[in-house]
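Peer 1: Protein chains in written order, with this note's numbering: chain A, 520 to 929; chain B, 2 to 483.
In short, the hints are calculated from the structure, not lab data. Misleading hints may appear alongside valid ones.
[Unchecked claim] Dumping the calculated DSSO-like pairs for lysine-lysine here, alpha-carbon to alpha-carbon at most 27 Å:
| no. | chain 1 | residue 1 | chain 2 | residue 2 |
| --- | --- | --- | --- | --- |
| 1 | A | LYS831 | B | LYS445 |
| 2 | A | LYS660 | A | LYS688 |
| 3 | A | LYS831 | A | LYS863 |
| 4 | B | LYS418 | A | LYS893 |
What follows is each chain in one-letter form.
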Amino acid sequence: MLEGLTPTTILLDEKELNSAQDTLAKNQLPTTRMEAWKYTRVAKLGKTNYTSSEETVVSMDAYRIAADATTFVFVNGHFSEELSSDEIPAGVSISPLSACMEGEIASTNLVLEGEIFNALNTAFLTDGILIDIEAKATVEKPVQIIHVLKGEATLSNFKTIINAGDFSKAGVIQGFFAEDADKAFANVTSEISVGTNAFLTIDKIQYEAENTSHISTEQVSQENDSTFTINTITLNGGLVRNNLNIEVIGENCETNLNGAYLLKGKQHVDNHSVVDHKVPNCNSNELYKGVIDDKGTAVFNGKVFVRPDAQKINAFQSNGNVLMTDDASVNSKPELEIYADDVKCSHGSTTGQLDEEAVFYLRARGLSEKSARKLMVSAFIGDVLDKIENEDVLNFTHGLLKDRFGWDFE
Amino acid sequence: MANYTENELAKDLEDQEYKFGFTSDIDADTIPKGLSEDVIRLISHKKEEPEWLLEYRLNAYRIWQEMIEPEWGHVHYTKPDFQDIAYYSAPNQTKKYESWDDVDPEMKETMAKLGISLEEQKRLTGVAVDFVMDSVSVATSFKAKLAELGIIFCSFSEAVQDHPELVRANMGTVVPHTDNFYAALNSAVFTDGSFCYIPKGVRCPMELSTYFRINQGGTGQFERTLVVADEGSYVSYLEGCTAPQRDENQLHAAVVELIAKDNAEIKYSTVQNWYPGDKNGVGGIFNFVTKRGICGTNSKISWTQVETGSAVTWKYPSCILKGDHSVGEFYSVAVTNNYQQADTGTKMIHLGKGTKSTIISKGISAGKSQNSYRGLVQIHKNAQNARNFSQCDSLLMTDECGAHTFPYIECKNSSAKIEHEATTSKIGEDQIFYCLQRGISEEKAIGLIVNGYCKEVLNQLPMEFAVEAQKLLTISLEGSVG
Chain A
520 MLEGLTPTTI LLDEKELNSA QDTLAKNQLP TTRMEAWKYT RVAKLGKTNY
570 TSSEETVVSM DAYRIAADAT TFVFVNGHFS EELSSDEIPA GVSISPLSAC
620 MEGEIASTNL VLEGEIFNAL NTAFLTDGIL IDIEAKATVE KPVQIIHVLK
670 GEATLSNFKT IINAGDFSKA GVIQGFFAED ADKAFANVTS EISVGTNAFL
720 TIDKIQYEAE NTSHISTEQV SQENDSTFTI NTITLNGGLV RNNLNIEVIG
770 ENCETNLNGA YLLKGKQHVD NHSVVDHKVP NCNSNELYKG VIDDKGTAVF
820 NGKVFVRPDA QKINAFQSNG NVLMTDDASV NSKPELEIYA DDVKCSHGST
870 TGQLDEEAVF YLRARGLSEK SARKLMVSAF IGDVLDKIEN EDVLNFTHGL
920 LKDRFGWDFE
Chain B
2 MANYTENELA KDLEDQEYKF GFTSDIDADT IPKGLSEDVI RLISHKKEEP
52 EWLLEYRLNA YRIWQEMIEP EWGHVHYTKP DFQDIAYYSA PNQTKKYESW
102 DDVDPEMKET MAKLGISLEE QKRLTGVAVD FVMDSVSVAT SFKAKLAELG
152 IIFCSFSEAV QDHPELVRAN MGTVVPHTDN FYAALNSAVF TDGSFCYIPK
202 GVRCPMELST YFRINQGGTG QFERTLVVAD EGSYVSYLEG CTAPQRDENQ
252 LHAAVVELIA KDNAEIKYST VQNWYPGDKN GVGGIFNFVT KRGICGTNSK
302 ISWTQVETGS AVTWKYPSCI LKGDHSVGEF YSVAVTNNYQ QADTGTKMIH
352 LGKGTKSTII SKGISAGKSQ NSYRGLVQIH KNAQNARNFS QCDSLLMTDE
402 CGAHTFPYIE CKNSSAKIEH EATTSKIGED QIFYCLQRGI SEEKAIGLIV
452 NGYCKEVLNQ LPMEFAVEAQ KLLTISLEGS VG
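Here chain B stands alone, though its shape is the one from the complex:
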């Protein structure tokens, strides 16, 4: 260890393989590249969708055509060519699976590589998993068990077929198809995603989990997640993302809508590990996601995210605190390395009385990356006694990276209390010195300090995810000497 220099450490870090960079050789049904009304009709037809959904898609498409791609983010990238993307790619499946045994062994292997062997998970962790590969949901476990409680957890397309009334009533109510450029695109071309409904007063007994994976080259992934927690219910929802290593930039534009009715609670956790591109900044996923939740009276929505992947991330999980005394939380760790760029944060819109929000954001920049926090706290006129606390810390690992903070605080009520704090610094040399003195190597010391720095956020994650997130952090940051 004594001869292990900083430079070697840095090199190790650079060469760190993206361990999810495999491609699976699975036959896929991919439609030709390009986007037009016909393509949308084709997608809709392939998915055997009802007429109203096709109308919804076409409406969104027409609005999208008139929209301008936003440029206000603190990110620089070559804009994707929307005609050069295949909007539908599904693992080829001639028949629907009757049971787990019927699933293509190759696909099972893919899942095993991702560490989500369904069987194992079924036995050990009791997590119900919905696996979405190239925008089509391929397997959902534990469905029957959940059905006993009246919980619906299935792929979005199944939900459209089996529970059209629920989907129709809730879809687009939080993120309308007119919302923004990428949300409109998603509304037009989304292929699948997850749907979850928790009935009144039911506490979902297990963590619900979705894994997203882009497998096919030249495709984009446009999935939609809709979680509806009816009055007095509780659900904890996990989301994980990976993609193969490719030297092209693939687009991921998802929409997530959460609806927490009165007294309900939704906990939504994400570990995002899309392929971040290589050490020269070639390839990687463009992650442009719209995530938003709406709260009824006394309800709570909590977003927790660990962002380590993607070449460019642009996402702001938000809470509309509409009901009185509702609570919104946002816990985030965003790590960028090499040439990654992240512009992420949250929006807390306080409409109801006595609403509370907490924002804890930890940014870590290494390599030549740029990491920005952008957040909005808006207190409306009628939000008596609203309360917000925000803390955004940035840690800089090298002298070539950047860390930025752009908070927007808008207050129209005199009884509101808002606090915002941000700090930017590097790991203290004295802290490292202290660890070295006690026989802890520099690399381990950094791991220790970073884990301590992120603890507030990692503590919010469910057990299984926390372990994975901690590993990811260590992989992403080993050797980035401050």
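Looking at chain A on its own, in the form it has when it is part of the complex:
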């Protein structure tokens, strides 16, 4: 799968690069015999010969999530300067990795050992973005990173690095789209560190095409008193796998992971998350909900670790799935691994269908069956969408839902 690719020219840490190349040489693509990939087949990725081609996008209208934002656009992972904002607001410095000098990109804490997709990302990195939020800065305008996949069998290896300084507050929007893309593959990693007392919110919209693949890994570490929120909305994409690894290393932190996935056709969406509570007095909340239509398959695997002596942890995890057809399937695996006693941890997982009695109730009040079902699905997913604070993101999501599923949220 790698013949058509050229090794990265980004000035990464040498050691890291070597370790990535080493991992690539020693490992094969994961198979379903491996516990972490039990429900997701990636063999087809190995059969495609990828290239990394530079393309341009004519109009950004369909991809602009927030109108008033600092926007950076990457097509197939290559930086598109003309489509990106010129002005960068005070309190934050943003630069594509390709423009970074040697030594500017710090060594990462991304796991490379045995993680073939992370290693692939590092060794063949197309480009990336470095966002440094200054200490005590409140960045009003969100930073918006738009990714577009275009062309045939193109591979985008992209890395986002976000350093949220102490006492800072910022929002980042990530949008993933595809335009005339065939068998394209976005392999994305993010390394995020949230400083003391910092607030960081990431809104992620995945809206690629039915035969594209998307594998992303977010490696997050949280310092004392920080709050980190990530909302992942997956609406389109043939194969989507999201790995969220949250390491809570400071006390009094709050972590919120929300996700909504709506599947059609033969889509496969796999959400993996690990929240690792290493210190006491923290809260984490996880809410993932999905509606699976046609022949879609959804996977949820959430894991909460509470390390020895990490007392007074409240960790909640909830996963709900609605299956719309008999060809749809869902695999849910909410896990708890707890080594401390003074904790409150719980998880719940449900799989079912819309309540027929409620549908009947709505129909008795004059709604057509179709609109009754739509209403109920939107209420079901609404729980997750309600968590999105950025109005622009919410409105954009509603628009996509209307386009793709015909659901009207207004």
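Chain A is fixed; fit chain B onto it per the hints.
Peer 2: Below, chain B without anything else, positioned relative to chain A:
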């Protein structure tokens, strides 16, 4: 009581003697340690088995040799050396017992110590008992009475001799010899166990019960239980396990197969109290068991287990809900203390339409133990209107123990309803405070709260077992202040 501190309580708990830790000085016929085809032939020969069974054993052995010992469990232990185990140890008996009076008095005493004096049980409880010591069945009571109804309840070897057609037709149909590492080992070397057949439409009038005991040092216990409930029948089956205190790890790898034909019901209860090792985690039984049942149309299999013993437990009593409208249930209390490790749960495989399953699992971890629930709920494509409810609660008693939950939920049918809930917490200080206020000591309060916590499961046990299980819980947890 006022001067009785938490630490003293904890110490009391640690020093709690394993009350079944005696060894019985009974002559035993033990073959040399080691495993090979010859050993299997020897076992088969000693048991005067037919040719097909020897073939079955050898087949299993050949497959086992190519298998790799599984490592996915959330348990850590030194793997047993399979060549350092004696695969056959039988209490020496020159002749078969004609009546209860002929039984070796020493052995009778052993049974009395275990609290299963057969005579008493015969009179008082009407429980038919099959007693298996070091893998060989030594006494079965109430046989004649059961025979009147056509019920067969005997040791596995007797069944092989007397009802070969029944054994051959059913053995290995639920847990094939290729199933997993320990099931394959068991299929190769099993020495005895229990066999039970309930004919069509018969409701077994009494609880059937088996006691398993490992007595001889350096041996493993590999027993097999096969329960066949023919159409429209009902049986309640109890199983109890104990072993002497030894500082070595002994292996117990059993296979239990349940077959519930159309409209039949099997209730299988286990109180597992193998020696758990001492307070430093030395010794104890490795309990690696494969238990599985298969359900016909409208039938029901219910597993109830109270797990308090064993150094390492690795078991997943499962139900294959093959017939339409069949029901599977799993009620479990798993208690771990000191250095015990348990990785236990269930699998509910929904194949038929309208199948239902309920999983109630209560884990209690104390000391430095690790307690995991691992379960699978699988709804296949044709299982219309399947229903599952799972609840897995964990209670943590100390800050050094661990409680883990690994549920797997796989759904391929849109009309299925699956619910899974899990919570992990310690005993609420407010609950203890409430009890203290009302003059109930802390120790008693914990007993009360834990018993309440496990009630859903204990209620499922037959009367005699429920009392024993409650006592076991109290012994295991007294003084573990949350």
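Peer 1: Taken at face value, is the distance from the CA of LYS893 of chain A to the CA of LYS418 of chain B at most 27 Å?
Peer 2: The hint holds at about 20 Å.
Peer 1: For LYS831 of chain A and LYS445 of chain B, compute the direct alpha-carbon distance and say whether it is at most 27 Å.
Peer 2: Answer holds: LYS831 of chain A to LYS445 of chain B is near 26 Å, not above 27 Å.
Peer 1: Is the straight-line distance between the alpha-carbon of LYS660 of chain A and that of LYS688 of chain A 27 Å or less?
Peer 2: 11 Å, holds
Peer 1: Given the hint that LYS831 of chain A pairs with LYS863 of chain A, does the C-alpha gap stay at or below 27 Å?
Peer 2: 7 Å, holds
In this structure, none of the earlier numbered hints is contradicted; all agree with it.
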